[in-house]
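Colleague: What follows is the residue order along each chain.
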Amino acid sequence: MSAVIEEHHDHHDHKPSGIGRWLFSTNHKDIGTMYLWFSFVMFFIGGAMALVIRAELFQPGLQLVEPEFFNQMTTLHGLIMVFGVIMPGFVGLANWMVPMMIGAPDMALPRMNNWSFWLLPAAFGILIASLIMSLMGMGSAPNFGWTFYAPLSTTYGPASTDYFIFSVHLMGISSIMGAINIIATIMNLRAPGMSYMKMPIFVWTWFITAYLLIAVMPVLAGVVTMMLMDRNFGTSFFNAAGGGDPVMFQHVFWFFGHPEVYIMILPAFGVVSQIVPTFARKKIFGYSSMVYATASIAFLSFIVWAHHMFTTGMPVAGELFFMYATMLIAIPTGVKVFNWVSTMWRGSMTFETPMLFAIGFIFLFTIGGFTGLMMCIAPADFQYHDTYFIVAHFHYVLATGAAFSIMAAVYFWIPKWTGNMYDEKLGKLHFWMTAISANVLFFPMHFVGLAGMPRRIPDYSLQFAEFNAMASVGAFVFGFSQLIFLYNVIKTTRGGKKATDQVWDGADGLEWTLPSPAPFHSFTTPPTLK
Amino acid sequence: MRAAKHVAGLLGLMFTSGQALAAMQMNLSPGVTSFSQGAYDIHTMVMWICVAIGAVVFGAMIYSIFTHRKSKGAVSAEFHDNTAIEIIWTIVPFLILIAMAIPATKVLLAMEDTSNSDMSIKVTGYQWKWHYDYLGEDINFFSNISTPDAANLSTNASVKKDETYLLDVDNKLVIPVDTKVRLLFTSNDVIHAWWVPAFGVKKDAIPGYINESWVNVPEPGIYRGKCAELCGKNHGFMPVVVEAKSKEDYVAWVSGQKTAAAEAAASAEKTWTKADLMSHGEKVYATACGACHQANGEGLPNVFPGLKGSAIAVGDIAKHIDVVVNGVSGTAMQAFGAQLNDADLAAVITYERNAWGNDTGDVVQPSNIKAAR
Amino acid sequence: MSSQPNNIDGANNNSTTRVITRLMFVVVGMFGFGFAMVPLYDVFCDVTGINGKTGDKVTLAENLQVDTSRLIEVEFIASLNDSMPWEFKPSQHSIKVHPGEPTRITYVAINRTDHAIVGQAVPSVAPGRAAEYFQKTECFCFTEQKLEAGEEKEMPVIFVVDPELPDDVSQLALSYTFFIKPSGASKNTASLVNNSNQEI
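Protein chains in written order, with the working numbering: chain A, 1 to 530; chain B, 1 to 373; chain C, 1 to 200.
Watch out, some of these pointers could steer you wrong.
As the list claims (entries may be wrong) - Think about it this way: if two alpha-carbon atoms lie no more than 27 Å apart in a straight line, the pair counts; the simulated DSSO-like pairs of lysine-lysine are:
1. Lys283(B) with Lys180(B)
2. Lys319(B) with Lys181(C)
3. Lys72(B) with Lys428(A)
4. Lys146(C) with Lys136(C)
5. Lys370(B) with Lys258(B)
6. Lys89(C) with Lys370(B)
7. Lys70(B) with Lys283(A)
8. Lys270(B) with Lys425(A)
9. Lys428(A) with Lys283(A)
10. Lys497(A) with Lys428(A)
11. Lys491(A) with Lys15(A)
12. Lys136(C) with Lys258(B)
13. Lys370(B) with Lys146(C)
14. Lys270(B) with Lys370(B)
15. Lys428(A) with Lys283(B)
16. Lys498(A) with Lys428(A)
17. Lys146(C) with Lys180(B)
18. Lys497(A) with Lys70(B)
19. Lys283(B) with Lys160(B)
20. Lys283(B) with Lys308(B)
21. Lys283(A) with Lys72(B)
What the hints contain is simulated information worked out from the structure, not anything from laboratory work.
Produce the entire structure from the sequences given, and follow the hints as far as they go.
Modeller: So this is what it looks like as structure tokens:
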């Protein structure tokens with residue numbers, strides 16, 4: 001196969017055809033496309049589960065599902081959104097853009113890249129199969145929350161738990177291989193003259209994210225392996241009966257889990273750092289601080305994990321340490337926000353859809369950041385922990401944060417990918433409907449959380465009814481608004497106003513020197529940097 | 001002035017006792033203990049600091065969005081760094097964080113008050129109820145949700161939804177006011193968490209381990225909370241209800257408990273009629289068994305076995321008693337001998353053997369249970 | 001994994017291979033670190049007493065000096081896990097001791113079922129920071145206790161509260177939780193699925 005390509009690719013843009021093109025792809029653009037479509041499909045699946053949840057929570061009382069099934073919905077919704085939407089979405093963006101941004105012809109390990117992708121449908125096939133079996137009355141799908149604490153997930157977990165563990169291993173291998181690929185690509189394949197401090201910020205954020213991934217995904221693999229051993233091989237890692245400790249599960253899990261949430265947000269920061277300068281027609285403010293701030297956030301993310309565990313009975317010294325360390329993260333994060341605003345300041349801004357989503361990100365992610373700061377204050381957290389206040393926080397940073405940035409990125413780069421401009425009117429409609437409904441959906445969750453509503457419950461006391469009803473209405477509008485996005489994306493792949501190479505007036509970078517659509521093989525000879 | 005204080009107190013009670021329908025409550029309540037007040041104060045302070053910072057940052061953004069637009073003819077400036085300002089906006093937030101950290105630390109340390117408590121209660125989380133054991137007294141009981149039918153899709157509609165919906169239990173935790181009560185938490189099975197917002201106390205109940213906290217409640221009243229750690233299917237259906245009584249009322253309650261315990265022991269001696277056993281058994285079943293085996297006795301396929309027509313419920317009585325009293329290790333079937341008294345066990349087993357068409361005609365007396373133990 | 005990226009900028013496959021090798025070491029190392037956290041956690045808990053892990057019994061090097069100026073109240077808690085059908089209680093619910101003074105108390109367990117059961121008790125101390133000052137020279141922690149059908153057993157605990165116990169702690173709780181000793185395969189609801197369709 002490679003012989004054929006080598007013969008031809010100097011002459012014309014020869015793409016393989018048929019299903020083999022996709023199954024055996026070693027092309028970063030095609031693999032990027034597959035990751036993005038996978039992420040989009042999973043977004044609707046995970047979103048459907050969210051709608052089941054919000055439909056049940058529309059009113060007090062149980063109307064639609066048994067509590068046992070509700071727990072499966074919350075668990076799978078979380079797993080799918082974290083591992084099936086946000087992470088693959090960002091990997092898709094990385095695959096498409098990182099080689100082009102650094103002037104490389106492809107990723108360093110194109111065949112491993114293929115495997116990284118194809119592991120994901122396998123992994124999620126297993127997870128969704130367990131749900132289908134549950135719907136057919138053959139036992140429960142995972143029902144212990146995406147955080148799968150022991151012993152609920154070990155001693156008391158359903159039979160599908162072992163499949164869940166296998167699925168997590170597959171996802172982990174996919175992420176680790178992807179991360180290795182990204183680091184090798186960025187370290188070795190930059191065009192001559194592109195020093196590290198000349199790389200686009202998106203590349204920097206992915207570089208740092210990749211290090212986080214290889215550091216913590218193996219720890220996740222370790223903790224699910226310990227679970228497997230406790231369940232099947234008679235060990236007692238988390239079983240007090242045998243001398244184990246359920247709280248240790250939480251330590252190992254969150255040692256992975258906290259850097260994981262930064263894995264899900266650093267690329268978002270990178271996307272916003274590409275978009276805002278473009279539409280403000282002004283260079284990013286404080287490039288080096290942005291790089292150092294990202295690195296500081298990544299480093300700090302390793303020493304804050306136990307802020308998820310303030311109610312487990314930690315000694316005061318531990319609570320104080322984790323409180324202080326978590327507060328520190330606010331500083332580099334704040335620096336980034338200030339720098340984005342300073343990039344906008346005295347720029348010459350236009351507000352096409354990518355910029356709308358990027359600005360929406362800055363507003364709404366920052367709200368999530370503020371509630372995060374509130375939550376790290378340990379004595380206050382005793383009232384917030386495991387309530388809807390927490391649910392509100394992480395949906396602001398992940399849905400109106402990370403997911404908004406992925407939407408922004410798609411609008412931003414789809415002209416480069418397809419050669420066509422998306423429909424701007426539909427894009428703006430999608431933005432406003434999404435942004436408004438997201439706030440109707442998630443903002444009331446702050447209130448019910450503070451008022452005393454715990455999370456992961458299928459039914460609630462009457463005093464929480466009004467805000468839950470509001471949130472459910474917002475959820476359905478939010479969910480159906482994404483169909484506008486789907487329509488726009490499909491429409492754009494099929495045609496539209498032709499895009500220029502540069503696409504956007506303020507766009508700057510190697511990727512914008514390529515034609516739109518970018519050729520199947522680009523930068524086969526390295527570019528010279530201006 | 002006094003009237004105003006009374007009204008304020010009443011309002012405060014409304015919000016903290018949870019008895020009034022505090023609909024659309026948007027903020028934390030200050031609660032009734034120093035913990036809850038401390039949490040409320042620091043929460044308020046940090047929240048307003050965030051609002052202030054947000055106002056500045058978002059204000060600048062909004063101003064920029066309207067002023068620095070291309071459509072208004074704005075031309076982009078060239079600057080893209082400024083070391084001085086970056087240093088300032090790194091140091092100033094750092095100072096703000098210190099200003100937050102100091103009161104937060106004080107509040108946390110104040111919760112570490114280790115003066116001796118006057119009484120200790122062991123709180124054990126079960127799937128899906130709480131157990132309270134007054135250490136040193138011979139008082140211990142389970143606290144189940146008062147409306148177990150709420151937890152099933154098929155029976156939820158029949159449950160009255162009033163302001164204590166999902167917030168009421170059959171046996172409340174009763175404590176005296178103005179007394180430092182030490183609470184010791186553990187769990188029988190998975191991790192649960194005991195939470196009463198009005199007290200500002202939330203602590204994980206971990207199997208095999210013991211956690212401690214304390215409360216000192218100044219005002220008599222009923223305080224309601226919920227389990228705050230996912231613990232399985234009825235996580236949302238195991239509320240916490242604490243009644244703080246005046247010291248005199250508490251003493252009366254304690255002696256009432258002891259009398260009731262003596263009566264229960266006596267009722268285990270007598271012979272019950274089948275009708276009494278069935279009606280009492282139905283109540284016990286609803287509270288202790290229905291969560292898994294369902295009100296209709298059919299269970300959940302492949303998760304919890306049905307009892308209707310099952311070999312255990314219509315077969316050998318001794319075997320049925322053994323399963324209920326001693327549980328089945330390796331499964332979710334708990335050892336109810338440790339949780340229910342002889343009369344309750346006799347009643348529920350009699351009920352199971354005769355309900356849903358099982359109709360064995362068997363009658364199990366409390367004395368049979370006692371003999372089997 | 002011998003893919004051949006274009007050789008641009010003199011970047012050769014060796015440097016890619018080097019990067020990958022180093023990163024794989026990190027991956028394997030972090031996986032090992034996850035498992036290493038298990039004993040590390042125990043060591044950390046032992047040393048600091050966090051989480052109330054008192055550990056197993058100790059042999060005291062020498063007799064500690066009794067501090068008669070302090071009285072520490074120790075409460076005794078007995079818990080049974082899940083389907084453990086024994087009765088289990090402390091012989092006394094609390095005791096007041098001087099730090100440094102060895103004290104003996106007992107717990108009682110009764111197996112009222114008709115078959116032998118092997119149990120294992122797990123200790124825990126509250127508050128967590130007092131755990132490292134609570135030394136047991138004899139206890140039944142983590143050792144299998146087999147009770148025949150109908151058997152009743154008294155199990156002693158001899159402990160000493162270290163005089164170094166911080167001044168502000170004067171109330172401790174010692175808890176034992178009895179579990180049914182996990183056998184070869186630990187509790188696994190695969191057996192639940194089987195049982196639900198069969199006669200138990």
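Colleague: Are the hints correct? Go through all of them and say.
Modeller: For each hint, the structure was consulted:
| no. | hint | result |
| --- | --- | --- |
| 1 | Lys283(B) with Lys180(B) | 35 Å, violated |
| 2 | Lys319(B) with Lys181(C) | 23 Å, holds |
| 3 | Lys72(B) with Lys428(A) | 20 Å, holds |
| 4 | Lys146(C) with Lys136(C) | 21 Å, holds |
| 5 | Lys370(B) with Lys258(B) | 21 Å, holds |
| 6 | Lys89(C) with Lys370(B) | 19 Å, holds |
| 7 | Lys70(B) with Lys283(A) | 16 Å, holds |
| 8 | Lys270(B) with Lys425(A) | 81 Å, violated |
| 9 | Lys428(A) with Lys283(A) | 25 Å, holds |
| 10 | Lys497(A) with Lys428(A) | 17 Å, holds |
| 11 | Lys491(A) with Lys15(A) | 22 Å, holds |
| 12 | Lys136(C) with Lys258(B) | 35 Å, violated |
| 13 | Lys370(B) with Lys146(C) | 23 Å, holds |
| 14 | Lys270(B) with Lys370(B) | 12 Å, holds |
| 15 | Lys428(A) with Lys283(B) | 59 Å, violated |
| 16 | Lys498(A) with Lys428(A) | 19 Å, holds |
| 17 | Lys146(C) with Lys180(B) | 40 Å, violated |
| 18 | Lys497(A) with Lys70(B) | 23 Å, holds |
| 19 | Lys283(B) with Lys160(B) | 17 Å, holds |
| 20 | Lys283(B) with Lys308(B) | 17 Å, holds |
| 21 | Lys283(A) with Lys72(B) | 20 Å, holds |
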